[in-house]
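Engineer: Sequence:
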Amino acid sequence: MPRFLTIAAILMVVAFAFIGCSQPTSSNKPPAASAERPLRKLTSLMNRGLNEQAWVLSKDVLDLHGDDPEVIARIAKLAYAIGKPDETASLLVRACRAESYAKEARVQQALVSLIEVGRLYDAMDLLESAVAEHPDQVSSRRTLFELAMNSEERARALPHGRELVLSRNFDLSLLLMLGNTEKRSLDPVVLASMSERNESDRRPMIGIAKVKFDEGDTDAAIEMLKSIVDTHPQYLPAQVLLGRSLALARRTNELVRWFDQVPEGIESQPGYWLALGDWALAEGRNAEAARSYWESVRIDPDSMEPWTKLGDALAETRRLTPDLLPANSLKTIDSIRSRVANLSKLSQWKTRFERDGKQSREITSEIVNALFDLGRPWEAEAWASVATTFPESDVASGNKSIEKLRSKIVSSLSRNTPWQLTDPYPEMQLDLSQISFPTLASMNARSSQQASGGIASERAEPVVSAPGTSRVDEALIKGWQLDDRAKELGIDFFGRTSDRLDQPGIKLHETLGCGGGTIDYDLDGWPDLYLMAAGGTPPWKDSAANALFRNLGGTFSDVTESSSTGDQGFGQGVTVGDINEDGFLDLLILNYGPNTLLINNGDGTFSDQTRAWNLNFDKDSMITWSTSAAIADIDGDGLSDVFIANYCQGLEPVTEVCSSGDATVARSCSPVKFASHGDWLLQGQADSRLVNQTENWGMDPDVPGRGLGVVVGALDSEPGLEVFVVNDMTNNHCWTVARDEPSSKMKVIESAMIRGIATDGRSLSQGSMGIAASDFDRDGDLDLYVTNFDKEYNTLHVQTSPGTWQDRTSLAKLARPTLSMVGFGTEAIDFDLDGWSELIIANGHVDVFSRMGEPSTYAQPMQIFKQRGSGVFDSVGSFVAGDYLRRFHVGRGLWTIDSDRDGRLDVVVTHQTEPVALLQNRCPSVGGWIEIGLSGVGVSRDAIGTRVELSIQTVKKSPYAVATLLAGDGYLSSNQRGLRFAVPKNSQCSISVHWPDGTHQSHDGLVPGNGFLVIQSDPEVFRRR
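In the UniProt record's numbering, the protein residues as written are 1 to 1025.
It is worth saying that the hints were derived from the structure and are not from the lab.
As the structure is a computational prediction, the values presented were derived from the model and not from experiment.
Possibly wrong hints are sitting among the right ones.
Ranges of calculated distance between the beta carbons of each label pair, as one might list FRET restraints [claimed, not checked]: (1) Q685 / I749: 52 to 62 angstroms; (2) R901 / G602: 16 to 26 angstroms; (3) E652 / T422: 36 to 46 angstroms; (4) D86 / Q234: 15 to 25 angstroms; (5) D603 / D902: 22 to 32 angstroms; (6) P719 / P1019: 18 to 28 angstroms; (7) G525 / I749: 32 to 42 angstroms; (8) G698 / T655: 26 to 36 angstroms; (9) S820 / R500: 22 to 32 angstroms.
Note that CB positions come from ideal geometry on N, CA and C, so glycine has one too.
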């Protein structure tokens, strides 16, 4: 394979040398004596070192010899000698032009001179001209491709990258760059250095602006992009990214002005159509959004984001206005979703390839297959060709596989094979030209409506209206207080994965922390606590014991020994549920090693029934790293099933230590260093056993995840339960169990990508940990909030239509505050009972280390976000009283408990470097509360997936609020079971209960300040307090 100068090396050039410049040559026609005289004199002066005097003659020489490239080059050398680098660059470009760019060495020389003075875009124009005149100038084309890609000019770069592949002038670096359609991977600082060399050119700042955009910091991106387009209004990449940022931030008035002033030619940019599509989709103009996204994929069919959004927009158009679409639209939508799945698979395999050392033949085989399935045979063949140069695999089949794949692809190619095949791909043959795209008139109309207040809100009014200002209204949180009372109330427990968590050198298996859960194990109405511990060596049972604390009317007592609940596995998470349907809640303990099932005997004790229930069903399960789980009737047969999220395979994470860059001590390895372990779906049996149906029911994702958080419930309006799993560094999963009609066999369907919850809004997978589920916008359906790693904002997925979510993080002002945090446990809690859910997040980095001289950010602040009622959240943690929130912590698990039964939910938090905290809620209550407990009869007793609609006699909106019973509860933890509603004080309430089997019942006369138990089919409702 050819070798090329890297883009970083080109951009970092700081010196210039004329190597191999020829002496002036005589033309066929001797110059006139008068013309020859200035040139001879200039040459004589240069030979004697009198360069300043020679420069005086340069204008006359150029007037006489302006078409002679060698003379021009000689004067360029003179300009450089007397410290005129800008003139040097211009003269070399002129010399190239004079000889029609025939000498590639001169072109490269001119390129370097332009880069030295920061004239990056002139350099690209030079290379564009050179390859237009001489398509065989491979080095020039390669350099142009890399410069354009680095400058966010993908549309300009693509033809050259593809030509290099077709002409067999590629390497691995080019293929990786060609396939990067998502997040910027190149260092923006190197590009920005061009502005330091040429202060009048702001365009190189596009790299930093793109990084801000990728991080979800749209406000910072917009300000930077405005500074670029103010100086360079014709610069399309900045204009496009500005439009996308404005659309994402829903700054409609500014977007209208932008749309009215965009420069000519912007329609050739796929990002322009993405911006218009994002605006139209957010405004509910689904058909116009579909047209815009279609235009985007026509220009660049390799990008996943517009395909994902095109599928969503078409599905909504078909649901609401089917007449606008062709008769075969359903088939087309299915083919688009299939393409999105393949693009997602390709993206994840490429990520794994890069993080695995860029030499794996096995992973490359997956990449090649994905490309071939997408109808991109030339790119597939190039990857296969590169893979043949990788070291041979230890697995012989891996070596044969890549050779076999390449032969298969080569046999399908001919000179006439296009880069992107259209047959048999219905999505590539889609024609939406009959649908209008967004116009300035439609944008202006919407902007005018917003300005005049003519757009009515569809949101329910909060108990007390929140202000519409962007600043935190401290009056809204006046008196808010969260006090850590754990030790005072008798909870003195420090569950940790190691005794060295405050020192560098933490291993991967020690980074996740320990969780816990709330369980009223003795049914006395007072919620008890189960806390996880670790510290030993996986998979052995040599860790510190877990602990059960009984709630004795508001204080707690350690009853671990008497209850037989002190499991000593390497504890991670716990889930609570009535797995044997006897009315008493049981404990499923997740370990790195064999998991444990503790069945509640109903007498204050538990029995280890792990073996009897077949929980650890094979040798692999004895060493598996499990994290979170849920107990729920997933298959709808009336018996509880179990879903277990698993992390990495094997025991290598226990023994291997890694280093990173300039780190002077070992640090935790990246999880992608180790193979992921598939999750498990265990079906409950009537004879008190669990059967592993994972393989039988086809629960086999395209790319296995490393599961950390789980939520199970009726996430959409369709019958049946969904299992939402968030994965670390790969796409999240959403599983649904269904019955295959022809065979009557059960099957599991994965649909996170088409639902919009596999990634963030730009189709980027993240390092996801925790989940909070709530009807944040009070429109009657569930929304999802996912915590992520640093430099990846936590994601708010708002359900905009049944079963479909959109990333509304930036719009809610939630992106920027979380970028520097590593979020773990999170919950949605209405702290002040005003009817709107707040968000609370436990933050903390994975280990103690310093990068690039930056101080460690191991301990981080807990965050609380309060919603204004307008869809915007404010960070209020620093305004909440209590010592705990004044300090930084290395937080991990977080879950809910009403420890004092005052109707206000409290929070339990676990940490890496300090004991567990119980934060009691002392926030003033705006409204009253009602708690609903549920017990199934025709369905599983836990009744997971039951939907309760609450109405108030004096409020016209009905239902006033909606909640759905969930299991799993996110990261390593289990919340207090039950549904809690904030209602106006002194109101009369009624509820409508919709059970998972389709039955429903209603109850009236519910008074705030009480908890109620609803039993399926029972006409009575039972007061708990």
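Engineer: Could you run down the list of hints and mark each one as holding or not?
Structural biologist: Each hint tested on the structure:
{"no.": "1", "hint": "Q685 / I749: 52 to 62 angstroms", "verdict": "23 angstroms, violated"}
{"no.": "2", "hint": "R901 / G602: 16 to 26 angstroms", "verdict": "22 angstroms, holds"}
{"no.": "3", "hint": "E652 / T422: 36 to 46 angstroms", "verdict": "45 angstroms, holds"}
{"no.": "4", "hint": "D86 / Q234: 15 to 25 angstroms", "verdict": "22 angstroms, holds"}
{"no.": "5", "hint": "D603 / D902: 22 to 32 angstroms", "verdict": "29 angstroms, holds"}
{"no.": "6", "hint": "P719 / P1019: 18 to 28 angstroms", "verdict": "25 angstroms, holds"}
{"no.": "7", "hint": "G525 / I749: 32 to 42 angstroms", "verdict": "40 angstroms, holds"}
{"no.": "8", "hint": "G698 / T655: 26 to 36 angstroms", "verdict": "34 angstroms, holds"}
{"no.": "9", "hint": "S820 / R500: 22 to 32 angstroms", "verdict": "25 angstroms, holds"}
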